[in-house]
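> One-letter residues, chain by chain:
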Amino acid sequence: KAGVTQTPRYLIKTRGQQVTLSCSPISGHRSVSWYQQTPGQGLQFLFEYFSETQRNKGNFPGRFSGRQFSNSRSEMNVSTLELGDSALYLCASTIGTANTGELFFGEGSRLTVL
Amino acid sequence: DAKTTQPNSMESNEEEPVHLPCNHSTISGTDYIHWYRQLPSQGPEYVIHGLTSNVNNRMASLAIAEDRKSSTLILHRATLRDAAVYYCILRDVWGAQKLVFGQGTRLTINP
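Chains as they are written, first to last, in the numbering used here: chain A, 23 to 136; chain B, 1255 to 1365.
Treat the hints with care, since some could be wrong.
As the list claims (entries may be wrong) - Just the calculated beta-carbon pair ranges, DEER-fashion: (1) B:Pro1294 - A:Pro83: 26 to 34 Å; (2) B:Gly1356 - A:Glu129: 20 to 28 Å; (3) B:Glu1268 - A:Arg95: 37 to 45 Å.
To be verified - Under the rule of at most 30 Å between Cα atoms (straight-line distance), these lysine-lysine pairs were calculated in the DSS-like manner: (4) B:Lys1323 - A:Lys79; (5) A:Lys79 - A:Lys35; (6) B:Lys1257 - A:Lys79; (7) B:Lys1323 - B:Lys1257.
To be verified - Examples of chain A residues toward chain B, derived with CB under 8 Å: (8) Ser53; (9) Ser55; (10) Phe67; (11) Glu70; (12) Arg77; (13) Gly128; (14) Glu129.
For the record, the hints were derived by calculation from the structure and aren't laboratory data. The C-beta atom is built at its ideal place from N, Cα and C for all residues, glycine as well.
Put together the whole structure using the sequences plus the hints.
So this is what it looks like as structure tokens:
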């Protein structure tokens, strides 16, 4: 069974640019959530999508957005990049029908903003 | 979200048991206790979860105090591969589908 796949694994951008990250969940999983990991703030929840609808959102500025497609694949976008957006962005998927289910994480996309 | 408190770091020897503590004094009746770990250069992975009773799986055991204000993750025979950051997380069964990570415990395993 294939795991959660995130692309690209590494990318470098400059301030002011925008970036789109992609996440393919495990087959059959309908919930996809995104997390940001930095050395200073640790792992922080960004948002969660279920059946193409955003169900929950963390405390991040509007520059961070996401969407989910009908095949459950998800993308997140960060516009007007700032140096502080340099982080590991992790995607997690779960079946989504119960709030106690196991989350499966991808290996992440490491973004460096110069 | 109710908070958890874990030691910043712990150290153990290979093939010995490891007990990782977690305090959650403000836990509510609908909070499940979850443990995830993050190996170097990887995303977090699920370890175990429980509500009231002790739980066992192939990776670990979870011992939950009777008053549920604390719990302990037990690795019965640590290997070098168990070196990771371990996160104790409370999830409200009626709450949002998300994980609220603390700083976790960095576990070092000595050969």
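> Looking back at the numbered hints, which does the structure fail to meet, lowest number first?
Of the numbered hints given earlier, the structure breaks none, since each of them holds.
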